[in-house]
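Visitor: Here is how the chains run, residue by residue.
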Amino acid sequence: MSGEVVSPGEGEVFDIELEEELLEANRRLAEENRRMLDDLGVKAIDVMGSIGSGKTSLIERLIELHDRRERVAVLCGDLTTTIDMERIKRHGVKVLQINTGKECHLDANLVGKALRRLELKGVETLFIENVGNLICPAEFPLGAHKRVVVVSITEGEYTPLKHPYIFMDADIAVINKIDLAQAMGINPDKVAENVRKVAPDVDVIKTSCKTGEGVRDVAEALGIR
Amino acid sequence: MHEFSVASMIVERVKGEASKHGARKVRRVEIKLGELTLVNPEQLKFNYMVLSQDPILRDSELIIEVIPGEVSCRECGFRGRPTYRDDPALHLAPIFSCPVCESPVEVIKGREIVISRVTLEF
Numbered sequence: 000m001s002g003e004v005v006s007p008g009e010g011e012v013f014d015i016e017l018e019e020e021l022l023e024a025n026r027r028l029a030e031e032n033r034r035m036l037d038d039l040g041v042k043a044i045d046v047m048g049s050i051g052s053g054k055t056s057l058i059e060r061l062i063e064l065h066d067r068r069e070r071v072a073v074l075c076g077d078l079t080t081t082i083d084m085e086r087i088k089r090h091g092v093k094v095l096q097i098n099t100g101k102e103c104h105l106d107a108n109l110v111g112k113a114l115r116r117l118e119l120k121g122v123e124t125l126f127i128e129n130v131g132n133l134i135c136p137a138e139f140p141l142g143a144h145k146r147v148v149v150v151s152i153t154e155g156e157y158t159p160l161k162h163p164y165i166f167m168d169a170d171i172a173v174i175n176k177i178d179l180a181q182a183m184g185i186n187p188d189k190v191a192e193n194v195r196k197v198a199p200d201v202d203v204i205k206t207s208c209k210t211g212e213g214v215r216d217v218a219e220a221l222g223i224r
Numbered sequence: 000m001h002e003f004s005v006a007s008m009i010v011e012r013v014k015g016e017a018s019k020h021g022a023r024k025v026r027r028v029e030i031k032l033g034e035l036t037l038v039n040p041e042q043l044k045f046n047y048m049v050l051s052q053d054p055i056l057r058d059s060e061l062i063i064e065v066i067p068g069e070v071s072c073r074e075c076g077f078r079g080r081p082t083y084r085d086d087p088a089l090h091l092a093p094i095f096s097c098p099v100c101e102s103p104v105e106v107i108k109g110r111e112i113v114i115s116r117v118t119l120e121f
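Taken in sequence, the protein lines are chains X and E. Residues in the first sequence are numbered consecutively from 0, following numbering that gives the first Met the number 0. Residues in the second sequence are numbered consecutively from 0, following numbering that gives the first Met the number 0.
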């Protein structure tokens, strides 16, 4: 009987043990992205935050501070529009839009594909603008060197307590729109205190992307020129 | 929040496994879902149902075992379940500081999404 293959008969039932981590595939691709970026000497910054918190504005202000714009590139993540890419384009840097369609976050696979499309030779700093969302991006690392979460004064003071994961996974929390603090009746220090409650190790920086206040501190914390 | 993409990953993975073994149907899929993931079990089940209309997957059951979260303190060495806020408005948001010494904690368990077992019918 040697050499015979025994296969299950009709109607038989078998359990297959898999024990596979679903998010592992994303983590592996994120590590691949990181290796690719390191080989090219590119420092990547994942910018996360709610819709309207000021992610695009922060990237625009940081580009303006950069002394060599030809060394900056931006990936803009959004569900369906190219609004952010059009804004970034005006600054004369390389930019690529990633439209996720239905997905609420960027994942390492989409970013990896975009990295292969973007001409990254000579680029020093790559901003990856995540989809406006405080939940999903926390679970999908992209391979970036630094993760920034932008929270704005107009969101009120509870955002960090409601969404602790995104702050825990970030290196820097930017509290934006501080120029509106008085009008909104929100104390930026209270927001900072709430960030520290959920993520004591995160650097907290207060900014106004409208007036430019604090933006230089963000550039310094990110180690970009 | 990303239950749809997680359900799609499960469906694709399970379909692949069924065809690899030449199974006629998938009867049951067992998942371990960490308490500290951002995936809601009920919504995951609903999305799985929506996405499993393929004849090979139709009538299959998704069984979700929730894995309790565990944190460990960098300062005092505490290891155990994370604590939740007293505030009813924020009762589902865990506190990531040590219940003993209030230092920052690391999550060591509860952020996993594992496909543990698939039951195939031939």
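I should point out that these hints are in silico values taken from the structure, not numbers from a laboratory. Computed from a predicted model, the values in this text were never measured in an experiment. Worth double-checking, as some hints may not be accurate.
[Unchecked claim] Straight-line alpha carbon distances no greater than 30 Å define the calculated DSBU-like cross-link-like pairs of lysine-lysine that follow:
#, chain 1, residue 1, chain 2, residue 2
1, X, Lys209, X, Lys196
2, E, Lys108, X, Lys145
3, X, Lys196, E, Lys108
4, X, Lys161, X, Lys209
5, X, Lys161, X, Lys145
6, X, Lys161, E, Lys44
7, X, Lys161, X, Lys196
8, E, Lys14, X, Lys112
9, X, Lys205, X, Lys189
10, E, Lys24, X, Lys161
11, X, Lys93, X, Lys112
12, E, Lys44, E, Lys24
13, X, Lys112, E, Lys19
14, X, Lys93, X, Lys42
15, X, Lys145, X, Lys196
16, E, Lys31, X, Lys161
17, X, Lys161, X, Lys93
18, X, Lys145, X, Lys88
19, X, Lys205, X, Lys161
20, X, Lys88, X, Lys189
21, X, Lys120, X, Lys93
Visitor: Hint by hint, say whether it matches the structure.
Guide: Okay, the hints, checked on the actual structure:
Annotation: proposed proximity of Lys209/X to Lys196/X holds, straight-line Cα distance about 28 Å (limit 30 Å). For the hint linking Lys108/E to Lys145/X, the alpha-carbon distance of about 24 Å falls within 30 Å, and the restraint holds. Pair hint Lys196/X plus Lys108/E holds up; C-alpha atoms about 21 Å apart against a cutoff of 30 Å. Distance restraint check for Lys161/X and Lys209/X: the Cα-Cα separation of roughly 26 Å lies within the 30 Å cut-off, and the hinted pair is therefore satisfied.
Pair hint Lys161/X plus Lys145/X holds up; C-alpha atoms about 22 Å apart against a cutoff of 30 Å. The straight-line distance between the Cα atoms of Lys161/X and Lys44/E is roughly 24 Å, inside the 30 Å bound, and the hint therefore holds. Among the hinted pairs, Lys161/X with Lys196/X is consistent with the structure: their alpha-carbon atoms are about 11 Å apart, no more than 30 Å. Between Lys14/E and Lys112/X the alpha-carbon distance is near 25 Å, which keeps this suggested pair within the 30 Å criterion.
A threshold of 30 Å between alpha carbons decides the hint, and for Lys205/X with Lys189/X the separation of about 12 Å falls inside it, so the pair holds. Our distance criterion of 30 Å between C-alpha atoms is broken by Lys24/E and Lys161/X, whose separation comes to about 42 Å. For a cut-off of 30 Å, the pair hint linking Lys93/X to Lys112/X stands: about 16 Å separates their Cα positions. For the suggested pair Lys44/E and Lys24/E, the alpha carbons sit about 18 Å apart, so the restraint of at most 30 Å is met.
For the given pair, Lys112/X sits about 28 Å from Lys19/E by alpha-carbon distance, which is consistent with the 30 Å threshold. Taken as a hint, the Lys93/X and Lys42/X pair is honoured in the structure, with Cα atoms around 15 Å apart against an allowance of 30 Å. Straight-line distance between C-alpha atoms of Lys145/X and Lys196/X comes to about 21 Å, which keeps the hinted pair within the 30 Å bound. Proposed proximity of Lys31/E and Lys161/X is supported: the alpha carbons are some 24 Å apart, at most 30 Å.
About 35 Å separates the Cα atoms of Lys161/X and Lys93/X, which puts this hinted pair outside 30 Å; it is violated. The straight-line distance between the Cα atoms of Lys145/X and Lys88/X is roughly 23 Å, inside the 30 Å bound, and the hint therefore holds. Note on Lys205/X and Lys161/X: the hinted pairing holds, with a Cα-Cα distance of about 20 Å set against a maximum of 30 Å. Restraint check for Lys88/X and Lys189/X: not satisfied, since their Cα atoms lie roughly 35 Å apart, outside the 30 Å limit.
Distance check on the hinted pair: Lys120/X and Lys93/X sit about 11 Å apart at the alpha-carbon level, within 30 Å; holds.
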